[in-house]
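This is what each chain is made of:
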Amino acid sequence: MSKRTLELEVLRYDPEQDAEPYFKTYQVPCENDWAILDALNYVKEELDTTLAYRWSCHMMVCGSCGMMINGEPVLTCKTFVRDLPDKVRVEPLENFPIERDLVVVLDDVMEKLQMAKPYIIRKDPPPEGKEHIQPRSALYKFKQYTMCVNCMCCYAACPQYALDSDFIGPAVLALAHRYNIDSRDQGKSERLDLLADHDGVWNCSFVGACSEVCPKNVDPAAALQQMKVDGAKEFWLQKLPGGKS
Amino acid sequence: MSRNPYVRPVSKTTWYMRNGRYRKYMLREVTCLLVGFYSFFTICALAILAGGSETAWNDFLASQQTGFWVSFHAAALIYYLVYMTFDWFKLAPKALPLQLGEQKAPDWVVIVAHYVAWVVVTLVVLGFAGVF
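In order, the protein sequence lines correspond to chains Z and X. Read in order, the letters of the first sequence correspond to residues 1 to 245 in our numbering. Read in order, the letters of the second sequence correspond to residues 1001 to 1132 in our numbering.
Not one of these hints is a red herring.
Each computed EDC-like pair below joins lysine to aspartate or glutamate, with the alpha-carbon atoms no more than 20 Å apart:
no., chain 1, residue 1, chain 2, residue 2
1, Z, K24, Z, E45
2, X, K1094, X, E1029
3, Z, K228, X, E1029
4, Z, K143, X, E1102
5, X, K1094, X, D1107
6, Z, K216, X, D1107
Derived list of chain X stretches under chain Z, where covered just means 3 residues or more per stretch with a C-beta under 8 Å from a C-beta of chain Z:
no., region
7, 1003-1014
8, 1017-1028
9, 1083-1097
10, 1100-1107
It should be emphasised that the hints constitute simulated quantities derived from the structure, not laboratory data. A virtual CB, placed ideally from N, CA and C, is assigned to each residue, including glycine.
All chains, please: the whole structure from these sequences, using the hints.
Written out as structure tokens, the structure is:
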């Protein structure tokens, strides 16, 4: 197994001691098949036990280890040493306040997540003693959006969220869209405020960075553009005689 | 332990210099200046035409045949095609996903449909303009 030494520049911030974050460099002897998360674990175990960062599954499922690696928002468990230069800069996800070191404050997105009502809303009860049948064609309409692991890399890539944190943002809006286009759901009108508001889809200027960085190949930019089409359709339908106000 | 989250500053004026992705986006969006210019340009041309003076109209047409204006219009057309038309057509499948049967149709189907529509509309406009 080939080894190499990585110069890991890690952004450090101790809220009780530091006025602002600073970079600290660690020399990390790495195996080439390590992920950056392994390198961070090496730092934590062998070089500096005070380093704080989030991780859990190490298999692209939990979405906890999202960080900026050389300026790109990625899952560190999916970013391999062999694909990176000898000098690697590790920073907490952009566009979020830094709680400590590589840990960011996600309270804002967690609150917005609830606004999206990310669950199936039914107005009619299911047929007596039967489940809702969903054809595969209906499933494939939204399936990609179910792959989101809430790693928030899309928020770190979104310049609109950087400039205006009132913007609901890519992952939450994509999740709302996922339920809106689920054939079993009847809650689209309840999510309309989220959709039609200025802080909703209309604040998206379609940079498309969210989709480019998504480690799970979800396409939030597509969801937002489709919601804009839906929103515009809804607006004009309401203008028609007999349209709902 | 007390909480004291650190908020990193974001520049409102130079945010797009942060990476190539943003710069490319700005190159696309700056085409709005061209749209603005050509709207103004068309209004000026219509005003001259509506003025009724054939000499003024012929002078205007002659002014557009100088090296500067021909180069400007050619550069504007290429810039617009590269950063607006091609880019938007590439993004069209995101807003208009097409499902054929169970699976989503490949993106190229929607993109090609846009190019076909573009050619048809162009031919119709040129037809009205008496080019054929």
